[in-house]
Every structure is written in C-alpha cells, then in structure tokens.
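K.L.:
Listed below, chain by chain, are the residues.
There are 2 protein chains.
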Amino acid sequence: MIDFRPILFIIGILLATLAIGMIVPALVDLYYGHPDWRVFSAASAVSLFIGGALVMMNRTEKLRMTSRQAFILTTASWLVLTAVSALPFAFSNMNMSYTDAFFEAMSGISTTGSTVMVGLDTAPPGILLWRALLQWLGGIGIIVMAIAVMPMLRVGGMQLFRMENSDKSDKAFPRATQIAMGIFTLYVVFTIIWTFLLWWAGMSFFDAVAHAMTTIATGGFSTKDASIGYYDNPLIDVIITLGMTTGALPFLLYLQTLRGRPLSLFRDSQVRWFVTIAASIILAVAIWHSEVNNVGFWTALRFSSFNIISVMTGTGYATTDYGLWGAFAVAVFFFVMFVGGCAGSTTCGVKIFRLQVLYEIAKIQLNHMLRPHGVFIAYYNGKPLTEDVTESVLSFFFLFVFCFVVLAAGLGAMGLDFVTAISSAGTAIANVGPGLGPIVGPSGNFATLPDGAKWMMSAGMLIGRLEVFTVLILLSPDFWRD
Amino acid sequence: MIDFRPILFIIGILLATLAIGMIVPALVDLYYGHPDWRVFSAASAVSLFIGGALVMMNRTEKLRMTSRQAFILTTASWLVLTAVSALPFAFSNMNMSYTDAFFEAMSGISTTGSTVMVGLDTAPPGILLWRALLQWLGGIGIIVMAIAVMPMLRVGGMQLFRMENSDKSDKAFPRATQIAMGIFTLYVVFTIIWTFLLWWAGMSFFDAVAHAMTTIATGGFSTKDASIGYYDNPLIDVIITLGMTTGALPFLLYLQTLRGRPLSLFRDSQVRWFVTIAASIILAVAIWHSEVNNVGFWTALRFSSFNIISVMTGTGYATTDYGLWGAFAVAVFFFVMFVGGCAGSTTCGVKIFRLQVLYEIAKIQLNHMLRPHGVFIAYYNGKPLTEDVTESVLSFFFLFVFCFVVLAAGLGAMGLDFVTAISSAGTAIANVGPGLGPIVGPSGNFATLPDGAKWMMSAGMLIGRLEVFTVLILLSPDFWRD
Ligand SMILES: [K+]
Ligand SMILES: [K+]
Numbered sequence: 013m014i015d016f017r018p019i020l021f022i023i024g025i026l027l028a029t030l031a032i033g034m035i036v037p038a039l040v041d042l043y044y045g046h047p048d049w050r051v052f053s054a055a056s057a058v059s060l061f062i063g064g065a066l067v068m069m070n071r072t073e074k075l076r077m078t079s080r081q082a083f084i085l086t087t088a089s090w091l092v093l094t095a096v097s098a099l100p101f102a103f104s105n106m107n108m109s110y111t112d113a114f115f116e117a118m119s120g121i122s123t124t125g126s127t128v129m130v131g132l133d134t135a136p137p138g139i140l141l142w143r144a145l146l147q148w149l150g151g152i153g154i155i156v157m158a159i160a161v162m163p164m165l166r167v168g169g170m171q172l173f174r175m176e177n178s179d180k181s182d183k184a185f186p187r188a189t190q191i192a193m194g195i196f197t198l199y200v201v202f203t204i205i206w207t208f209l210l211w212w213a214g215m216s217f218f219d220a221v222a223h224a225m226t227t228i229a230t231g232g233f234s235t236k237d238a239s240i241g242y243y244d245n246p247l248i249d250v251i252i253t254l255g256m257t258t259g260a261l262p263f264l265l266y267l268q269t270l271r272g273r274p275l276s277l278f279r280d281s282q283v284r285w286f287v288t289i290a291a292s293i294i295l296a297v298a299i300w301h302s303e304v305n306n307v308g309f310w311t312a313l314r315f316s317s318f319n320i321i322s323v324m325t326g327t328g329y330a331t332t333d334y335g336l337w338g339a340f341a342v343a344v345f346f347f348v349m350f351v352g353g354c355a356g357s358t359t360c361g362v363k364i365f366r367l368q369v370l371y372e373i374a375k376i377q378l379n380h381m382l383r384p385h386g387v388f389i390a391y392y393n394g395k396p397l398t399e400d401v402t403e404s405v406l407s408f409f410f411l412f413v414f415c416f417v418v419l420a421a422g423l424g425a426m427g428l429d430f431v432t433a434i435s436s437a438g439t440a441i442a443n444v445g446p447g448l449g450p451i452v453g454p455s456g457n458f459a460t461l462p463d464g465a466k467w468m469m470s471a472g473m474l475i476g477r478l479e480v481f482t483v484l485i486l487l488s489p490d491f492w493r494d
Numbered sequence: 013m014i015d016f017r018p019i020l021f022i023i024g025i026l027l028a029t030l031a032i033g034m035i036v037p038a039l040v041d042l043y044y045g046h047p048d049w050r051v052f053s054a055a056s057a058v059s060l061f062i063g064g065a066l067v068m069m070n071r072t073e074k075l076r077m078t079s080r081q082a083f084i085l086t087t088a089s090w091l092v093l094t095a096v097s098a099l100p101f102a103f104s105n106m107n108m109s110y111t112d113a114f115f116e117a118m119s120g121i122s123t124t125g126s127t128v129m130v131g132l133d134t135a136p137p138g139i140l141l142w143r144a145l146l147q148w149l150g151g152i153g154i155i156v157m158a159i160a161v162m163p164m165l166r167v168g169g170m171q172l173f174r175m176e177n178s179d180k181s182d183k184a185f186p187r188a189t190q191i192a193m194g195i196f197t198l199y200v201v202f203t204i205i206w207t208f209l210l211w212w213a214g215m216s217f218f219d220a221v222a223h224a225m226t227t228i229a230t231g232g233f234s235t236k237d238a239s240i241g242y243y244d245n246p247l248i249d250v251i252i253t254l255g256m257t258t259g260a261l262p263f264l265l266y267l268q269t270l271r272g273r274p275l276s277l278f279r280d281s282q283v284r285w286f287v288t289i290a291a292s293i294i295l296a297v298a299i300w301h302s303e304v305n306n307v308g309f310w311t312a313l314r315f316s317s318f319n320i321i322s323v324m325t326g327t328g329y330a331t332t333d334y335g336l337w338g339a340f341a342v343a344v345f346f347f348v349m350f351v352g353g354c355a356g357s358t359t360c361g362v363k364i365f366r367l368q369v370l371y372e373i374a375k376i377q378l379n380h381m382l383r384p385h386g387v388f389i390a391y392y393n394g395k396p397l398t399e400d401v402t403e404s405v406l407s408f409f410f411l412f413v414f415c416f417v418v419l420a421a422g423l424g425a426m427g428l429d430f431v432t433a434i435s436s437a438g439t440a441i442a443n444v445g446p447g448l449g450p451i452v453g454p455s456g457n458f459a460t461l462p463d464g465a466k467w468m469m470s471a472g473m474l475i476g477r478l479e480v481f482t483v484l485i486l487l488s489p490d491f492w493r494d
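From first to last, the protein sequence lines are chains A and B.
Sequential numbering from 13 applies to the first sequence in my numbering.
Sequential numbering from 13 applies to the second sequence in my numbering.
Heads up, some of the hints might be wrong.
Across the chosen pairs, the derived CB separations fall in these ranges [said to hold, decoys possible]: (1) A/Y110 x B/R383: 56 to 62 Å; (2) A/W285 x B/E399: 21 to 27 Å; (3) A/D133 x B/R383: 28 to 34 Å; (4) B/D333 x A/V130: 50 to 56 Å; (5) A/P384 x B/T311: 32 to 38 Å.
No farther apart than 30 Å at their CA atoms in a straight line, the calculated lysine-lysine pairs in the BS3-like style are these [what the hints assert, rightly or not]: (6) B/K375 x B/K395; (7) A/K395 x B/K375; (8) A/K375 x B/K236; (9) B/K375 x A/K375; (10) A/K375 x A/K395.
Simulated from the structure, these hints should not be mistaken for lab results.
Just so it is clear, CB atoms sit at the ideal spot from N, CA and C, and this is done for glycine as well.
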C-alpha cells in the first residue's frame, strides 16, 4: 500500500503557501477599491483551511519519500493547486465558468499563457495580478523541480543534471537547500530588475510588475489584449526579449557565474546551442519577413527577434500577428514552438539539451552504420552519455510527439479545424500560449473553444509541464501494483 | 579511395533492365496507334546505351561490396533510374517540363503517387502504363532492398530482419537468391490475380492491369483524375482495399505461409498490430463520418475503410474528398499518413515494427523510472531487442521527424500555405501521395506548385523511401573520409 500521508502533508503546505499568495491580489484590489478583494480573501481562507487540515491530519515523523510517492505528489500537487487557484477566477465578476477558470489557472501555473479572458485592458487589477502571480509561482516551482525532483525521478534524461554528479566534482554547493534558496533569491532579484527596467521604459508600475513576473517565468500572460504589441515600444521589446532569454537559460549557471565562475554561462554547450539556434532562426525569419512583406530589415529584425524568442522560449507574448507573415514564417513559428529553452530554466517543450542528445545519437548511429565494429560514444558537455540517458531522451521525444498527436486528434474530435487543432495541441503540450490561425493565433483567444477542448488542453499543459513521463507513469497499471 | 566500378556496373545493369521495361509502353502505344511509341523507343535506346556502356567499362572480377559502396549504390541507382525514367514524360506530347517529368518519375519509382499530370482520363495509354510500371518496379525493388540490403546496412532498426538470424533457426530458406525469386514470383502472381479481380469487377482490362500494379505496389497512381472514386463501385473498393493490405504485409511471411506454415501470417506481431491499428482507426473515423456528416453507417464504413487503408499503407488512392469530412477526420488522415505498413512490404512511413519497438521502449522506460534498479528487457516478436536496434529505431524516428520539419519549412519558403506545406512534406517523406487542403488534397494536384517545391518534394520522397539514414549518411563528411 502506498502511504499517502507525506503526499497530503506536502500538498497541505503548498495550499497554505497558495493562501498567502492570494492575499497579495486581495490587498491590491482593496487598494484600488475593487470588490474582488472579498473573493480573494474567501479563496485564501478556503485554501488555508484545506491546507491546514491536510497538514494537521497527515503529520508524520519521516518525510522521506519513495519515488512512487514522489510521482504521485508531483502530479497531484499540480492538480490540486490548479483547482484551488481557479476559485478566484470562478467567483470574481468576470462571468467565467469553472471550466474557464480551471483552464486559466492551469495555463497560469503551467506558465503556458493561453487565455480565455477577453477584455484584459479593463479587467480588475486583482485578477490581472493573480494571473501574473500564478505564472511567477509556476516558474520558480518548475525550476526547483527540474533541479531537485526530476533528476531523482530520472524523467526524460533529466538524470543528466543530477546533483550528486556535480557534487563530486564541485564542492561549491554543499546542500540542495542552499541551492534552492540561492535560485529563489536570484529569481526575485531578476523580477525586481525587470520591473524597474519596464517601468523606466514607460510601463505603468502595475503593468511593469505583472510583465516582469510573466517574463522571467516565460509565462506570457499580459495585462493587455494586444499583449506587448499594445505598447509598440522598441525599448520595451528589447527589455522583454532579454528577460525571456534570461528565463530560458539554466538558473544554476547564474549561481555559478555569481560564485566566481564568470565563464560558466558561456562555456555551457546548452547555452551555446540555444543562442546559435535562436540567432539563426531569427535571422532567417527577419530576412523572409523583410523580403516578402516589404518591411525594412531592422523593423523585420525587431519583430522577428521578439516573437521568435517569445515562441521558442515558450513565453507566448506577441508584438504583432506573425500569423500574417506568410507561409515560411508560419511553418517556422509552428515548429519553433516545440523547441523550448534549457533544462533548469522556466521553459518547457522538448528543450535544448534533448536536441543536443538526439543530435549526438543520430551522429553516432550514422558512424555506426558506416563502421559496424567501431566503438562510438556520445558526449554531452564533455561527459559520455549512458544508455540510460540516451534511451530516456529518445523515449521522451517519442512520447512527446505521441501525446501531441493524440491531443491534436482529440481537439479535432471536439470540432476544431485542422490548423486550430494541431496548433492548440502544440501550444498546450509545449506550454507556449498562442496557437495559429484566426481563432487561437496571436491575435486570438481560447474563449470560444468548446468545454471539452479546454479540458483536453488543460491535460495537455499538465503533461507537457511535468515532462510527459511524470504524468503518464500514473496511467500504467504496474504503477499501482505492489 | 572508394572504388566506383562495381557501383557503376550495377547501375548499368539496372538501366539495361529499365530499357527493357520501356519497351512495354512502347508496344502498347504502337498497338493503340499512339505516336508516343517513338518516345519510349528512343528513351529505351538511350537507357540501354548508357547502361551498356557502364557495364562494359566497369566490368570487375569481384562483385563484393563494402557497406560504403552499398550506400552510394542505393542512393545513386535510385537517382539515376529516376532521371532516365523521366525522359518519356519529358518528351511525350504532355507538355511537361523536365522538373515535372522528374517529379512524376520520382513519385512513381518511390511509390509515392503524387502527380503533376492533369487530364489522366484522356492521357495516352503508354504514359499511363509507364506510370503504373514505374510504381510496380519501385515496389518490388523496395521489398528486395528491405530483405537483402537494409538489414545488412543496419538502417533504422532493419537489422531486426537480418537473414542470417532467421537462417540459423530456419533451414527452409537456404539461399537469398531463392527467396528473392520466390518473392518476385509471388509479386507477379498477386498482380495477375488483382488484374483479373478488377477486370471481373468492371474495370477495362487496361485499367485493371494498371491499377493492379499500383495497388500491390501501394503506389497509388491511377488512370483517372478522380482516382478510384471514378468507378464508384463498392466491389472495386473492397478488392483494392484487400490488395493494398496485401501489399502492406511482410512478403516473407507469404512465402512461409505457402511453404507449409499456414499460421505464420497470423502469428506475426507486426501483422497483428497493423490489423488492430487499422481496424480501430477505420471504426473511429467511420463513426465520426456517420455521426457528423449524416451518412449511413455502412456507407461511412465503406469510405472510411478504403481511404484509411489507402493513406495508412501509403497507397494514396481516394474514393472521395475526405478532406471535407471535418476536423477530426482531417487530423486523423494527417497523422495516419506517417504510420505506414510492415517492414518487408512495399509500404513506406515510420512502419509498424518501429511503432512496436517505440512502444516497448517507452514501457521499459516507465518501469525503469519506477524501479531504478530493476532489469527490464524489451522484446520484439518474442526476441529481446539489443541496444543497437532500439537506438537505431529511436534515431530513425527523430531523423524522420526532423526531415519532415525541414521539408515543411522549406516548402513554406517556396510560398506554400501552412496546410499545403506541412501535408506535402508529410506525403512526400512518407511516400503517400495526396496531401491536405484545396491545392494538394485528394481532389487536388501538385501541378501548380513552384519548381523549387517540386525538387524539394522529390528529395523528400527519396529520403523517405530509402529509410532516411541511407541518404543522410552520404551528407556526412565522415562518410567520404578514408
Ligand atoms: K508560456
Ligand atoms: K503511395
């Protein structure tokens, strides 16, 4: 029998934390004199009550967990937090069904950024802040998980980033807690820096806070229906582009950089790949946009760099409807969606390190076909890759594609047209935000989708955010067998 | 230095064979009194001359090849045969540019079946027969390669089907030549049977021959612009559905069945998977079509079974424009394109055995995550899978997807809209035939695509047909290094 007490205990603590988080929008609404402060206070009380009850009832001596318990905890905590975070949306006067509220909350916590809300420009401040806060919390949550939980659970090749390995060669970080605190501090500092940068560049202070949070979290919720395009300000574009990139690099490397290894960031192969891939695609799309749509090259470069970085890091802001840039650009935006950023960042998708591993393995395969008796070893960042890691990464890729296909077909069955269905499936599973086409494209909105499609997409966001395996393993009958 | 003589020698022999093949449409045109008989005779002479010259100049004592030579031979022979097969298209009075002629020939030899010809119903008989013959030759060519060449070259997990392995346990087939002869005979017999079935069901004898050849080869070239929909005959639909299925199963198993092991076919896990997957999808689409489009269930099942089998086996016939069946059906048709049939058949795509291996590996990965110290072994058809095979299959899947993405983006750059670009990329690389959307869908045609797109698609068909690795390996600088 699985012991659920430690699982419920930790979910309780997380709910209590969420209750504290809900006080922030309550205070903001109170400050702006908006009646929603009551909704947030009530939701906070509910969250605190459930959380407290779970903590009380499940106190246990030892908090060590088996990996089975850790798997259940990961998915269950994400689901419970989403269900409770949805309450303010459902009970504010935004006229949202619980389906819509759950979709919006999942899109927030998973840092996806697809929205079903229309009229953001006039939405109450508490709700806007709550959306930003959910992404901000989801973002730090995922970094901590990527560093502390995923490697232990050996999810999709994340065992590459196991702490024990780096500990041996590296006495600079003795304790996981210390690392977690360091990263949290850094995350807060980044958010403060980008708040002031955006404020300085011309945003209102409120908008600056909200956008700083969703930028660093590569979340993509905006306070404007037109997203960052609302400001039409090149300076803001550049600041946010840098912010999204910051959110897409491995946070652990920032710590190393700060602790006296200034070159860690530049020496890391994942970072180099990210920069190379992003720069090549930005340039290609800028040239296309400039040639085909008769736009000056620098204007094309400005819009190409912002929107490609936004989609590639899975942030999902838009400064224009790039769906109108023509065939090549649309195809590139579709595929770039799946790339993602680096492991140990706030981004989702396939991720750069997996592309590196896939590339290495393909190269080895070709060599192996040529010299069947040769011995070839795949390397990552100078270290040989074990079979365990390579098969994990390859299976991840297959399952990622498989889930995408199933989700796209499911959304088709809900009546979404082909482009809407496949781009919505992609945007959900890669946690990007906007899709393609007139309905869910960068100028569109997920509000008009049928309820079934919203639930399917919510499931897709969860599966994508938790690196596929973590959720799918719970569906295996073997998992529940003793 | 690579010794090109044996390569050129074999290409010479193949060209001489092609020259003999060209005499068939020449005789048919002569019989029908069409002046194209001169074009075919001239092309035959050219082919015979080049082929003869190559044979003469490159006669060598030993015909043993290194795998490097075998890789060059595979891609080079396919390219040279296509270039020469294109001549009759280019010089007949069909007004085709050489680009169009090459596209049509590649689409034929690779058994893809995408066409740039309009007005098939009134096209000269020689040209129609030549298209069918190209697919028929391509079909048998690929079976022989899948049995004799690919396993030796260890392409994408095909080493699973290596002869030496089965030889040890199985003394029934002492020699590869004998097997090749057996399969060729079977291929001819199947073609004759289907010719008579189609003739009996109401086709003209000429149409019956042409369609029997492109059915068994899962090629999909028709003699009618409306494809099989022209006949609107349920009996023909059923006969062709059975024929496409016959072409999609492993031909080696037919031999075993005939040589006294009647259950081989039903005991093979690849065949079971194929039937299960096909049946489930046919049923799902039939239910959708019947419910959403207000069609009787049996009519829906008739059209669903024909068209799903056609797309899944990569044949590419159509009896109706399934692009109009609505979102779910379109998404399913898009993804089913990539499935393909069994290894050792005339079909292309990812293929069933790779899906089985991917499924096994994903299952093992989940078990392994649950019990990190457990030992789990993946099986295929009751035999354990080696790491060599699993990594081959996984890399194949990744490279297949990668080539699809690059091709789709390239077609976008040629100005094709999103749906046309991604479905054309898919249909080329999986050698299916029709794409999706108004331009290249089942009722459409590839004639209006720009020349650049046609060359890109030709490359895609070649890459897909030769199992990706075989072509990509030639692009590696290591390949050409001594
Ligand atoms: K996002
Ligand atoms: K075909």
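K.L.:
All hints are to be evaluated individually against the structure, with a verdict given for each.
P.N.:
Going down the list of hints, with the structure as the test:
In this structure the hint that A/Y110 and B/R383 lie 56 to 62 Å apart at CB is violated, the actual value being about 38 Å. Against the hinted window of 21 to 27 Å, the Cβ-Cβ separation of A/W285 and B/E399 comes to about 26 Å, which satisfies the hint. Restraint check, A/D133 to B/R383: a C-beta distance of roughly 53 Å breaks the suggested window 28 to 34 Å. One distance hint, 50 to 56 Å for the beta-carbon pair B/D333 and A/V130, is violated here, with the actual separation near 36 Å.
Under the hint 32 to 38 Å, the C-beta atoms of A/P384 and B/T311, about 53 Å apart, miss the expected range. A hinted pair counts as satisfied when its Cα atoms are at most 30 Å apart, and B/K375 with B/K395 qualifies at roughly 16 Å. A hinted pair counts as satisfied when its Cα atoms are at most 30 Å apart, and A/K395 with B/K375 qualifies at roughly 27 Å. For the hint pairing A/K375 with B/K236, the CA-to-CA distance comes to about 44 Å; that exceeds 30 Å, so the pair is violated.
Distance restraint check for B/K375 and A/K375: the Cα-Cα separation of roughly 25 Å lies within the 30 Å cut-off, and the hinted pair is therefore satisfied. At roughly 16 Å between alpha-carbon atoms, A/K375 and A/K395 fall within 30 Å of each other, so this suggested pair holds.
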